[in-house]
Amino acid sequence: MSEKSPLQDSVNVFVDWAKSRLDEMSANAATLQDNLDKLDATTRSQAEQAVTQLKQWIQQGQDDVKAAQDQGQAAVAQAKADMEALWSKFQNGSGNWAELVQDQQALFQARAQAQMQAWQDAANTYMKRLNDVQEQHRSQAEAQVAEFKAQAQKAQADLNSKMDELAKAGQTSWAAMSQALDQSRDAFTKSMEMAAKNFNDIMKG
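691 is the number that the numbering used here gives to position 39 of the sequence shown; each next residue is one higher, with no gaps.
Derived by calculation from the structure, the hints in this document are not laboratory data. Each statement offered as a hint is correct.
Simulated restraints on C-beta separations:
1) Q705 <-> R790: 45 to 53 Å
2) A798 <-> T694: 50 to 58 Å
3) E794 <-> D715: 33 to 41 Å
We treat Cβ as the ideally placed atom computed from N, Cα and C, and that holds for glycine.
Full structure from sequences and hints, please.
Pasting the structure below:
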């Protein structure tokens, strides 16, 4: 049996946290890329520049994730600070990119799907970790995984409900969509951190 230490758990939490944001950035870049042929020359040039910038940020973020995975806890603080700076730049520009893509609904759906995949990936990770849990603690661990899955389902339902609400009210501005994404993302971070703590407590017995 290979139990993870609290320090290793903190690295894993950072990696999942960072990857979920990088996946949203990738979804944003892919949506811009997919819509290039629909844009006029000026807007297309701006969109191409945005895609290039996003890809650079994504590569930087991936390098930070790799540093944390290779170097462990010692690299997490700096990697997280770097990732937070990248994410701030991304969020500050997201409104402009939503205008460029000229299909805010597609952009929202792509980023929402990236969030839902992050939930699924995290749930799958904990399902695999059940194999590392001692028999006497398995029921607790299984309950924790079930709770995490329930939170994922609620987050998806809440996001879908919010989108329906915005559509019915005619409030489909990017600001409203972005707020819905923020709420779902915050829920993921909170649930992921709590799940890591609870799993660590279970593994310690």
